[in-house]
Amino acid sequence: MTWTWFHRLASPPYIYTLAARLTPWFAWPAGLLIVAGLWGGLVLAPPDYQQGDGFRIIYVHAPSAWMSLMVYTTMAIAAAVGLIWRIKVAHAVAASCAPIGASFTFAALVTGALWGQPMWGTYWEWDPRLTSELILLFLYLGYMGLRAALEDTQRADRASGVLAVVGVVNVPIIHYSVTWWNSLHQAPTVMRLAKPEIAASMLVPLLMMLLGFTLFFVAILLVRLRGEVLSRERSASWIREVVSA
Amino acid sequence: MSRVVTRIADSLVQTDTAPSTQTPAGPDTAQASVLEAARLALARDLRLAFRKRDQLVQPLAFYAMVTMLFPLSISPELSRLREVAPGVLWAGALLASLLALEFLFRDDAYDGTLEQYALSGQSLTWLMFAKTAAHWLLTGLPLALMAPLAGLSLGVPAAALPGIVVSVAVGSIALSLIGSIGAALTLGVKRSSALLALLTLPLSLPVLIFGARATQLAISGGPLLAPIELLAALAVLGLTLAPLAAAAAVRISLE
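So the sequence lines, in the order shown, correspond to chains A and B.
Per the working numbering: the first sequence = residues 1 to 245.
Per the working numbering: the second sequence = residues 246 to 500.
Among the hints, erroneous ones may be present.
Using C-beta positions, here's what the derived DEER-type ranges look like [as the list claims (entries may be wrong)]:
| no. | chain 1 | residue 1 | chain 2 | residue 2 | range |
| --- | --- | --- | --- | --- | --- |
| 1 | B | LEU280 | A | GLN117 | 54 to 60 angstroms |
| 2 | B | SER465 | A | TRP28 | 37 to 43 angstroms |
| 3 | A | ARG240 | B | ALA336 | 40 to 46 angstroms |
| 4 | A | ARG234 | B | ALA309 | 51 to 57 angstroms |
| 5 | B | VAL279 | A | LEU203 | 56 to 62 angstroms |
| 6 | A | TRP85 | B | GLU328 | 50 to 56 angstroms |
| 7 | A | LEU9 | B | LEU386 | 29 to 35 angstroms |
| 8 | B | LYS435 | A | VAL243 | 30 to 36 angstroms |
| 9 | B | LEU340 | A | THR4 | 49 to 55 angstroms |
Counterexamples of contact, computed for chain B against chain A with all Cβ distances above 12 angstroms [unchecked claim]:
| no. | residue |
| --- | --- |
| 10 | LEU287 |
| 11 | LEU293 |
| 12 | LEU364 |
| 13 | LEU397 |
| 14 | ARG436 |
| 15 | LEU441 |
| 16 | PHE455 |
| 17 | LEU470 |
| 18 | ARG496 |
Because the hints were derived from the structure by calculation, they are not lab data.
Keep in mind the model is a prediction, meaning the values are calculated, not measured.
Even glycine gets a Cβ: it sits at the ideal position worked out from N, Cα and C.
Chain A on its own, in the form it takes in the complex (with noise of 0.2 angstroms):
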């Protein structure tokens, strides 16, 4: 087997074009399934019997927090690649990376509000969840910073590739001390739902809009990395030809 493949990704023409090309088969399957998905959620799925229609913001809060966590996944084996084998291009993904983590984590953040607003009474608690998702944010906004705050993007890069590795591992154990501390201090005042069985009519549409979630994901992501390539090479002769073309 040859690995010629996977040496093309790493030459931005390549990559250029392939994303071009790559882009409507994500958005066009995760636009349908997101529609199918806020249909199935919003109109088919029965109210709650404890929360009636508020749970229904998980159809997007939920998608929106397991995006935040992958999202910093592939934008720390991304910069890794790029790191160890200095593939521009696995830095140009990272980068494009940072920004869609970044919304998707405040999206999760505002649902969740949103959603305790009614719940719990209070738009934030301090809930582990809600804590190491706004500590996730501030990963985020690190690592744009450093990003922002060097001007040279070779150097930019490699700075914030080794923070992203770096903030990876760090994140499980963020994540459990902030767990640990939390049982320790929190009086048990939130309504705590033991995880009931969740009806078939209530998953599938979340199963859909998780799925749609990582293709929309998919989907921007190209059509930023292409900005990003577009402006790494903006004094390459190639652009001329594609552009011209």
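Position chain B against the provided structure of chain A, taking the given hints into account.
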């Protein structure tokens, strides 16, 4: 001071050229020279700090002032202050060690010492380890020794003080190591202090959590071994990984 630098430079150059020009040295001598270089770097940092004392004094003064903010802003009643004392002591220690990170690499980056370290052929990881160790001796340990004073001013009973000293001493090892990565990554960034805080604080939160917990248990007289062991685990993890990451970050910054 220049003599110190020359001596280190000499020793670095000697140990650098020795294995490459002659027959390869055995593992024992290479090991010894690495440790020797680290020892010299550590001694140099300590000597410089004792000649220019602001590095020693400023974080301690900052710690005292942060502690003073809380009685003034919350309440002068010792019973209420005692409740918030763990948080005050640890938030203050965290902020003071963050402030002290400025001293870790800044001067060495300005005068080219870091470049010499990177070019010396010695293990940059070990040199980073030595610099971080010096930094902990110069800021972490004094902060730990200062913590009882801050604690007493917040109404902490005297029996709790040994536990507080141990927890701050162990926790600040982890803080120095985590901070060394952030400080190395932001080398050469103008007005880097806000960025440094943004990079370092999220990674330091486990230390804050376990440290404050140990302090709380020390004040209430509970068994505080478990959180201190967790702090020690964080410190050990930092000892194994942080110098590697800091060395990589310094190399990137010097490119």
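Hint check results:
no.: 1; hint: B:LEU280 - A:GLN117: 54 to 60 angstroms; result: holds, 59 angstroms
no.: 2; hint: B:SER465 - A:TRP28: 37 to 43 angstroms; result: violated, 60 angstroms
no.: 3; hint: A:ARG240 - B:ALA336: 40 to 46 angstroms; result: violated, 55 angstroms
no.: 4; hint: A:ARG234 - B:ALA309: 51 to 57 angstroms; result: holds, 52 angstroms
no.: 5; hint: B:VAL279 - A:LEU203: 56 to 62 angstroms; result: holds, 58 angstroms
no.: 6; hint: A:TRP85 - B:GLU328: 50 to 56 angstroms; result: holds, 53 angstroms
no.: 7; hint: A:LEU9 - B:LEU386: 29 to 35 angstroms; result: violated, 50 angstroms
no.: 8; hint: B:LYS435 - A:VAL243: 30 to 36 angstroms; result: holds, 35 angstroms
no.: 9; hint: B:LEU340 - A:THR4: 49 to 55 angstroms; result: holds, 53 angstroms
no.: 10; hint: LEU287; result: holds, 24 angstroms
no.: 11; hint: LEU293; result: holds, 26 angstroms
no.: 12; hint: LEU364; result: holds, 18 angstroms
no.: 13; hint: LEU397; result: holds, 25 angstroms
no.: 14; hint: ARG436; result: violated, 9 angstroms
no.: 15; hint: LEU441; result: violated, 10 angstroms
no.: 16; hint: PHE455; result: violated, 7 angstroms
no.: 17; hint: LEU470; result: holds, 15 angstroms
no.: 18; hint: ARG496; result: violated, 9 angstroms
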